[in-house]
Amino acid sequence: MARWPRQILFGDVDAMFAAAAALADPSLAGKPVAVGGRPPRGIIAAASYAARPYGVRSAMPTARALALCPHLVLVPPDRPLYQRLHEQMRRVTDRFFPAVEWTSIDEFYADTTDLQTLHPDPMRLGQRVKDAITEATGLRCTIAIATSKPVAKIAADAHKPDGLAAIEPGAEAAFLAPRPAASLPGIGPKTAESLDRIGVRRIGDLLEPRLEPLLRRLWGTRLPLMQALARGLDEEPVVPDRERKSLGHETTFDHDTNDLGFLEQTLRGFLAELAHDLRLDGLAAGSFTVKLKDASHRLATKQHRFPAPLNDDPAMWREIREALRGLVSPRTEYRLAGVTLGDLAPAAEGLFDRRRGKALAAMDAIIEKHGARAIRLGGTSEDAEPPRAR
Amino acid sequence: MKLRIARDEMLTALQRVQGVVEKRNTMPQLSNILLEAKPEGVDVTATDLEIGMRGLYKATVQDPGSITLSARKLFEILKELPEGEIELSVTENNWATIRSGKSQFKVVGLPSTEYPALPSIEREGLTPVTGSGLLELIRKTLFAVGDNDARYILNGLLVTLITAEKKTTLRLVGTDGHRLALAEQDTPAAGGKEGPKEIKAIIPKKAAHEMKRLLEEGDGEPLIGFTKNLMIFRKSGLLLTSRLMEGNYPNYQQVIPKEKDQDKKVSVARTELEGALRRVSVLSRDKTNAVKVTLSVGKMTLYTSNPDFGEATEELAAQYKGETLTTGFNARYLLDVLGVMDGDAVAMQMDNPLSPCLIREPGNAGFTCVVMPIKV
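These protein sequence lines map, in sequence, to chains A and B.
Under my numbering, the residue at position 247 of the first sequence is numbered 247, and the numbers go up by one with no gaps.
Under my numbering, the residue at position 324 of the second sequence is numbered 324, and the numbers go up by one with no gaps.
Worth flagging that the hints you see were computed from the coordinates, not collected in a lab.
For each residue, glycine too, the CB sits at the ideal point set by N, CA and C.
Honestly, I wouldn't trust all of these hints.
[Claimed, not checked] DSS-like mimics (lysine-lysine), calculated; alpha carbons at most 27 Å apart, straight line:
hint : chain 1 : residue 1 : chain 2 : residue 2
1    : B       : Lys260    : A       : Lys358
2    : A       : Lys130    : A       : Lys160
3    : A       : Lys31     : A       : Lys190
4    : A       : Lys190    : A       : Lys293
5    : B       : Lys375    : A       : Lys369
6    : B       : Lys166    : B       : Lys2
7    : A       : Lys291    : A       : Lys130
8    : A       : Lys358    : B       : Lys106
9    : B       : Lys292    : A       : Lys245
10   : B       : Lys212    : A       : Lys358
11   : A       : Lys358    : B       : Lys265
[Stated by the list, open to error] Just a few of them, taken from the derived set where beta-carbon distance is under 10 Å, the chain A residues facing chain B:
hint : residue
12   : Gly204
13   : Ala315
14   : Glu319
15   : Asp353
With these hints in hand, go ahead and build the complete structure from the sequences.
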């Protein structure tokens, strides 16, 4: 088997959130399941393959999804579960590959160029990775191997679900030619529309000499770059994960609200989850941002630094609540609220709160094992003030 | 009010109070100093309501009286004047005139009646301490005191004064919750008739800092004493008072690790470790200054990495016989400790990678520091 000049493996978990729901509740297996918020404002985050024939897609309003598929099973997101599955998959990819780039919770690239001596057959390598991920998590994924990141990703999208594909060196242009132009990176819905108007629908059309003057008008000096992409030529390297710089969560409400108590309760809940994630990763946040969007989509944010990096949510809550109260204006209805923790840094354990630290660690372990509903801190909404001797 | 004073004498007075006067402009008179001309000289007073400082300076007073003037402007003016005598006189409406040679400044003042009075001080009951000794204790603990910490009490320095029959023990403790420094010293005392007495007080960081500055001037042995809510510090004609902080200081004794067997201990050359930490921390992550420290038989290895710039490593000879142990520290915390230590060697003790690290000076039982590690 000839050695590839460059080999990139791309893996994408099939409908991860919906599949995770079926792992948590096996009775959901094979049913049309969607993970997302409730109507009227909720958005579908992921839909199982059984739901897709009805036209249910991610990023679609839940109300619309339920109209398309009335017996759709709607499941709320379970972030700790996804995080746990993600960690398990990371352990698998870390075992196989020297450098892995996880671009999201369920997608990764690995540069396998130097693994060809060990794994001369890319299809067999792909199958082994697929099996290992299924064995570790119960999740199925699609894996594609190609000479560049975009080709590997487009190949995986074309072979979902539970697929496996390898695009041999030299076969890239032929493989890409019949695919929709919009599947190339850098072509968004706007550009796709402009391309459609000049008769470009497939990737192969980008290489048509007769369309070149029109394409040049659209892209100018970027054209050679896009044409190289259409031929499957791309040098973008696999960059092992950058560390997370921030961690956040936001939600759109079912109905616009100006109820401060409700806003506080919402952000307090997000904070508990985010702080839990921070503690699991041994991190602490140096700053936070509170975000509100009012009924007319005006965005208001407030960013603030903690006196010292924190990951203990009751201690963080005082400042976040203060920022929220400062941000909320009376007689304004809000549609969205969120909180982001930034300036993440390794957590420094305190000298005097080690007992508290141990208690929190025990709580975090229970959440990991039994879910976020199993345990939480008591009385943290109002009396979150730590004892302050003055 | 009218007086003549040497420019250098006045400048000394002004330098001493610059740290005390209020920087934020909440009450205008607090950014001023109070000048009180008396037959024996001029009293210069500054206060931010928490800390107060007063000193008597040599001056030829023609007309006694008093005024308050901007501490900063006065300092800026005096700095620019040539050496020699200056004349300061106050006319009506609280205008002060400063003359030196051919220069003349007219400065707006505020009446002294509006200036807050310093707490009245009893002269009795102050304990003599050695200036150099106290300076040393402050130097070795002040760095660990919290800075604007949410836990208010950690922004203070704990002072414990134990007077026994034959000696006086002064112990200072500072901590910001992640590191702690304790320094203590015995002074032989004349021996009071009463039994042993222990006084505990928490003084604001700023007060400790001002006390340190006064002690750094040298000459004259200080006296120190405490009332219910006040610290009094006297040294060669100077008085420094500070309100005490109210609250419970955390139980620091509990977090100081006990001395363990030799296997847990490591000893390295202090200046070598300091240099190595400075070098590798160039490539540590900006915010945490994280440095990975690995102990193995006979050596200590430092390692830092920054995803944006690269990595650095350095190895030092160390006296260590235990198992290989890898932990992490905020390099800044270690450098702060090493900076106040004396002696050629530094002794560290760690139970496991996440337990507090005990740092001591071999041969000096009076200094103990604890630094919490970080996960790297």
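Hint by hint, here is what the structure shows:
1. B:Lys260 with A:Lys358: Given pair lysine 260 (chain B), lysine 358 (chain A) holds - Cα atoms ~23 Å apart, limit 27 Å.
2. A:Lys130 with A:Lys160: holds, 13 Å
3. A:Lys31 with A:Lys190: violated, 35 Å
4. A:Lys190 with A:Lys293: Answer holds: lysine 190 (chain A) to lysine 293 (chain A) is near 25 Å, not above 27 Å.
5. B:Lys375 with A:Lys369: Since the Cα atoms of lysine 375 (chain B) and lysine 369 (chain A) sit roughly 23 Å apart, the hinted pair holds (cutoff 27 Å).
6. B:Lys166 with B:Lys2: Violated: lysine 166 (chain B) and lysine 2 (chain B) sit about 50 Å apart, past 27 Å.
7. A:Lys291 with A:Lys130: violated, 39 Å
8. A:Lys358 with B:Lys106: Not OK: lysine 358 (chain A) and lysine 106 (chain B) at ~64 Å, beyond 27 Å, violated.
9. B:Lys292 with A:Lys245: Holds - the C-alpha atoms of lysine 245 (chain A) and lysine 292 (chain B) are around 20 Å apart, at most 27 Å.
10. B:Lys212 with A:Lys358: violated, 39 Å
11. A:Lys358 with B:Lys265: holds, 26 Å
12. Gly204: violated, 39 Å
13. Ala315: At about 7 Å, which falls below the 10 Å cut-off, the nearest Cβ of chain B leaves the hint on alanine 315 (chain A) intact, so it holds.
14. Glu319: holds, 9 Å
15. Asp353: Result: holds, 8 Å to nearest chain B Cβ.
In this structure, the hints that do not hold are numbers 3, 6, 7, 8, 10, 12, in rising order.
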